[in-house]
Amino acid sequence: MSAVVDAAPPSAKPATDGRDARTAWLLTAPALMLFVGVLVIPLAMTVMLSFHDWGQYKGIEPVFILKNWHEVATDPYFAEMFWRTFRIALLTTLITAVLGAPEAYILNRMSGRWKSFFLLVILGPLLISVVARTLGWALLFGGSNGLVNKLLMSLGLIGSPLPFMFTETGIVIALAHVMMPFMVLSVWAALQRVDPQIENAALSLGAGPFTIIRRIVLPQIMPGVLSGAIIVFSLSASAFATPAIIGGRRLKVAATLAYDEFLNTLNWPLGAAVAVLLLVALVLIVVGSNALIERRYAEVFR
Amino acid sequence: MRTNGPLALTFHTIFVVIMLAPILVVCLVAFTPEGYLSLPTHSFSLRWFRAIANYPEFVHAFWVSLGLGALSSLVAVLFAVPAALAIARYSFRGRDTLAALFLSPLMIPHVVLGIAFLRFFTAIGIGGSFAGLLVAHVVVVFPFALRLTLAAATGMDRSIEMAAVSLGAGDWTLFRRVTLPLILPGVISGWALAFIQSFDDLTMTVFLATPGTETLPVRMFLYIQDNIDPLVTSVSASVIAITMTALILLDRFYGLDRVLAGKNDPGR
Amino acid sequence: MSFLELDRVAKQFGAQTVVDDFSLTVGKGEFVSFLGPSGCGKTTTLQMIAGFLDPSRGAIRLEGRDLTAVQPAKRGLGIVFQSYALFPHMTAAENVAFGLEMRRVPRSECRERVRATLAMVGLAGYEERYPRRMSGGQQQRVALARALVIRPSVLLLDEPLSNLDAKLREEMQIELRQIQRNLGTTTILVTHDQNEAMSLSDRIVVMSQGRIEQIGTPQETYERPASAFVSQFLGKTNDFAATIDRTATPGRLIAGSWSAPAPAGLAGPVTVSIRPERIGFGDAGLAAKIVTRIFQGNHWLFQCESECGAVIVIRQNDGQPQPAEGEAVRLAWRPEDMSLRRAGAAA
Chain A
4 MSAVVDAAPP
14 SAKPATDGRD
24 ARTAWLLTAP
34 ALMLFVGVLV
44 IPLAMTVMLS
54 FHDWGQYKGI
64 EPVFILKNWH
74 EVATDPYFAE
84 MFWRTFRIAL
94 LTTLITAVLG
104 APEAYILNRM
114 SGRWKSFFLL
124 VILGPLLISV
134 VARTLGWALL
144 FGGSNGLVNK
154 LLMSLGLIGS
164 PLPFMFTETG
174 IVIALAHVMM
184 PFMVLSVWAA
194 LQRVDPQIEN
204 AALSLGAGPF
214 TIIRRIVLPQ
224 IMPGVLSGAI
234 IVFSLSASAF
244 ATPAIIGGRR
254 LKVAATLAYD
264 EFLNTLNWPL
274 GAAVAVLLLV
284 ALVLIVVGSN
294 ALIERRYAEV
304 FR
Chain B
1015 MRTNGPLALT
1025 FHTIFVVIML
1035 APILVVCLVA
1045 FTPEGYLSLP
1055 THSFSLRWFR
1065 AIANYPEFVH
1075 AFWVSLGLGA
1085 LSSLVAVLFA
1095 VPAALAIARY
1105 SFRGRDTLAA
1115 LFLSPLMIPH
1125 VVLGIAFLRF
1135 FTAIGIGGSF
1145 AGLLVAHVVV
1155 VFPFALRLTL
1165 AAATGMDRSI
1175 EMAAVSLGAG
1185 DWTLFRRVTL
1195 PLILPGVISG
1205 WALAFIQSFD
1215 DLTMTVFLAT
1225 PGTETLPVRM
1235 FLYIQDNIDP
1245 LVTSVSASVI
1255 AITMTALILL
1265 DRFYGLDRVL
1275 AGKNDPGR
Chain C
1353 MSFLELDRVA
1363 KQFGAQTVVD
1373 DFSLTVGKGE
1383 FVSFLGPSGC
1393 GKTTTLQMIA
1403 GFLDPSRGAI
1413 RLEGRDLTAV
1423 QPAKRGLGIV
1433 FQSYALFPHM
1443 TAAENVAFGL
1453 EMRRVPRSEC
1463 RERVRATLAM
1473 VGLAGYEERY
1483 PRRMSGGQQQ
1493 RVALARALVI
1503 RPSVLLLDEP
1513 LSNLDAKLRE
1523 EMQIELRQIQ
1533 RNLGTTTILV
1543 THDQNEAMSL
1553 SDRIVVMSQG
1563 RIEQIGTPQE
1573 TYERPASAFV
1583 SQFLGKTNDF
1593 AATIDRTATP
1603 GRLIAGSWSA
1613 PAPAGLAGPV
1623 TVSIRPERIG
1633 FGDAGLAAKI
1643 VTRIFQGNHW
1653 LFQCESECGA
1663 VIVIRQNDGQ
1673 PQPAEGEAVR
1683 LAWRPEDMSL
1693 RRAGAAA
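Protein chains in written order, with our numbering: chain A, 4 to 305; chain B, 1015 to 1282; chain C, 1353 to 1699.
Calculated directly from the structure, the hints in this document are not laboratory data. From a predicted model like this one, the values you see are computed outputs, not experimental measurements. For glycine and all other residues, C-beta sits at the position ideal for the given N, C-alpha and C. Keep in mind that a hint or two might mislead.
[Stated by the list, open to error] Here are a few chain B residues that face chain C, going by a calculated C-beta distance under 7 Å:
1. G1169
2. M1170
3. S1173
4. A1177
5. V1179
6. A1183
7. L1194
8. P1195
9. L1236
10. Q1239
11. D1240
[As the list claims (entries may be wrong)] No more than 25 Å apart at the CA atoms, straight line, and that leaves these computed lysine to any residue pairs for SDA-like:
12. C/K1380 with C/G1587
13. A/K118 with B/M1176
14. C/K1588 with C/R1533
15. A/K61 with A/M51
16. A/K153 with A/L130
17. A/K118 with B/L1188
18. A/K118 with B/L1194
19. A/K118 with A/F89
20. C/K1426 with C/A1362
21. C/K1426 with B/L1261
22. C/K1426 with B/M1176
23. C/K1426 with C/P1389
24. A/K153 with B/I1238
25. C/K1426 with B/L1194
26. A/K118 with B/A1260
27. A/K118 with B/D1265
28. C/K1426 with B/F1045
29. C/K1641 with C/E1572
[To be verified] Computed footprint of chain B on chain A; a stretch qualifies when at least three of its residues, placed anywhere within it, have a C-beta under 8 Å from a C-beta of chain B:
30. 78-91
31. 234-244
32. 253-262
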């Protein structure tokens, strides 16, 4: 439930002889063995699993067939499900960017104590279980028992409960709430690199507030918005808890579908194919947009 | 810098209210005296907190989460410290690949990890065991431990170590007396962040947990799947209260900004 | 005589040669400075002596023993780093005691030596302070005490004063010199500050681009620079082109309409080099016009335009009236204050 996607620690200095390299490998050996043994091998096994056969009565058969991949590629059910998954992720990303970026900007202009207080208020939910946060939305809007629905109905503003549970809108709203701290954090980090005097400079040159935001602030925080967008998108596309609680069994996304194939239907090979496809699609999207952003904003980053 | 205008402050207020509303609602509903989901309008009641005691699965799951979080983050830190030191200070062939591999669990969706671990553990016969769960959590929280330790190790003034060596310190003394104390703030922050990640993980754990090894998020999730009643809100409220207490204690004795930033500011 | 010896030492990082053909012998108790701009290889040389880098070629010997075979931790050298590199989690006393602990010095002796050394650097009473509660100058003193308390065979100072403000730096220079004299510790200082090198050292090694330009006493390097680089790096200097005409006897040194008797030796095109403070205003000499006049307290600085190009003149402020801007003057100097090099001998 977390993917902050900047890697690559700064380069160490030159001068490395054989002894240094040996020490380095010795120091990383335990972690490397752990990762090969418990990450690389299981992932490889999962890819293999997606090519195995499965039947209601015979279970998993370790053969090499394309049945699952064929099914995923041709059955419109899967196309619809993946399309829904990425639509939800895209909308969620859009909402967090449109609301999170201004909020980070406003936050950054507050005075010291208020700034750290509200930063804590907005980032704090990251430490609270996603289940609890999504539960809150279910309590507010869940059917005729939902508190907001009850209030609006008692006021006579609406006749029947607002549709929220088991709807895409509901998933997107709850997911945007869950992901918002990542976007605020990312834009916030970009704002920290902006010289606070720069707005005064623009002001002294005669720029109005709208021009300042459009011409001065926005270009500088855009890298932060975009890297936040990548994080939010990849987390939303693979989100499980929120779609499972709000969407229920009816509105499947990739993660909940894979879960069902594994723990309910027990068709592991098909579930593995869905999961591998999700992984590959996400890696391609993330790596691709990272490269695009880095090329576009090379000067701003350095 | 300019100050926020009324429009900005209105936006900010609405934003904060929406961010807090779902969490506040959970906490309020937990105090309802009724037998169904409702806001406590007339009086506050602790009946749903007392009800947790009659539902030992939640209590057990809490202890599993706590133990799993503490243990997996500790193991992750033990693996991460030497790896971080190697990556921070030596440039060797394969270094960037290694760093990318170690940080890769951040990129891989947890559903995929859950499936991969489930497949692997079942194949080697430790499916559903606490040991399997522990190893899986170590891998998943490792990047957090590594990143903060790495930041501390990279940010450290290397001449301090050179000074210690020139004064006659051997490898182990150097590590114990100089290097470790200097990167300790980063290591502790890494551990704390790793713990939080482990404690909150649902997506991967839901594939691996069995009735004996269910963590709190898993238990809560499965409970909600069946029915939503005030019990799950009182459990949530308790966890939120515990989290906040832990944060306040951490801030009082250590400094929250140091945990979150992984800042290297030793000395007392 | 030879206590520390560097014998044709060279260091390469990949294809890049950072230090080349560095040979130097340092006597016991001597204070030697490596002086040069950043990137000249002076710190790399120091790190090779300290053992943090291995030389690619050549040998480093201490009292005849090969030093490169000895682990850095066993070399017993005292080092003061540019950043001071104090252990931030230890008090001043703990910092100073660290090297003694490593040597398993008995506790009571250790305590006494720490106290005495801190007192020597003027920090008596600061034993329990943590570094970040100390000023830059105080941290510098702790670093010095930490390096000296182990009674090092050689003290290595890597730009130790560069993080201090000008006034404090001057004070520390005097103090450092006194301490070094009293203890008689062989010392190598790496610096880019020519004043620091001159006021502290017995000998200066001027370096440029990984090579030694000149080794000599401060006076030698200042008065008789071996190259244009040395003359320009060690303080302000005026260089101009001239020709020595040997067809007449005695020969004459000619630059435009100005000429002077030529010293023995060189012939043909030469570079004339004169320190600004050696030039006076006289009735005869090189014709020039004063472009700018700057008052600097104890002296005046003149920028003059002459037939041979721009010339800087520095005159003591002795209360006498000085020529004004725009005034035409004649620049004169004693023949022995002028140093001549064959033209084109290094840029």
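Okay, the hints, checked on the actual structure:
1. G1169: Where the cut-off is 7 Å and the nearest Cβ of chain C is about 12 Å from B/G1169, the hint is violated.
2. M1170: Interface hint status for B/M1170: violated (10 Å vs cutoff 7 Å).
3. S1173: holds (4 Å)
4. A1177: Hint holds; B/A1177 Cβ to chain C Cβ min 4 Å, cut 7 Å.
5. V1179: Holds - the Cβ of B/V1179 comes within 7 Å of chain C, reaching about 5 Å at its closest.
6. A1183: The hint holds - B/A1183 has a Cβ within 7 Å of chain C, the shortest such distance being about 6 Å.
7. L1194: At about 10 Å, which exceeds the 7 Å cut-off, the nearest Cβ of chain C leaves the hint on B/L1194 violated.
8. P1195: holds (5 Å)
9. L1236: With a closest approach of 47 Å, the B/L1236 hint is violated.
10. Q1239: Nearest chain C Cβ about 50 Å off; hint violated.
11. D1240: Because about 53 Å separates B/D1240 from the closest Cβ in chain C, which is outside the 7 Å limit, the hint is violated.
12. C/K1380 with C/G1587: violated (29 Å)
13. A/K118 with B/M1176: violated (40 Å)
14. C/K1588 with C/R1533: Measuring from Cα to Cα gives roughly 29 Å; hence the hint is violated.
15. A/K61 with A/M51: holds (18 Å)
16. A/K153 with A/L130: violated (30 Å)
17. A/K118 with B/L1188: violated (40 Å)
18. A/K118 with B/L1194: violated (33 Å)
19. A/K118 with A/F89: Distance of about 34 Å is beyond 25 Å: violated.
20. C/K1426 with C/A1362: Roughly 22 Å between the alpha carbons, so the hint for C/K1426 and C/A1362 holds.
21. C/K1426 with B/L1261: violated (46 Å)
22. C/K1426 with B/M1176: holds (13 Å)
23. C/K1426 with C/P1389: Given pair C/K1426, C/P1389 is violated - Cα atoms ~31 Å apart, limit 25 Å.
24. A/K153 with B/I1238: Measuring from Cα to Cα gives roughly 21 Å; hence the hint holds.
25. C/K1426 with B/L1194: Holds. C/K1426 to B/L1194 sits at ~22 Å (cutoff 25 Å).
26. A/K118 with B/A1260: holds (22 Å)
27. A/K118 with B/D1265: holds (17 Å)
28. C/K1426 with B/F1045: violated (68 Å)
29. C/K1641 with C/E1572: violated (32 Å)
30. 78-91: violated (count 0)
31. 234-244: holds (count 6)
32. 253-262: holds (count 4)
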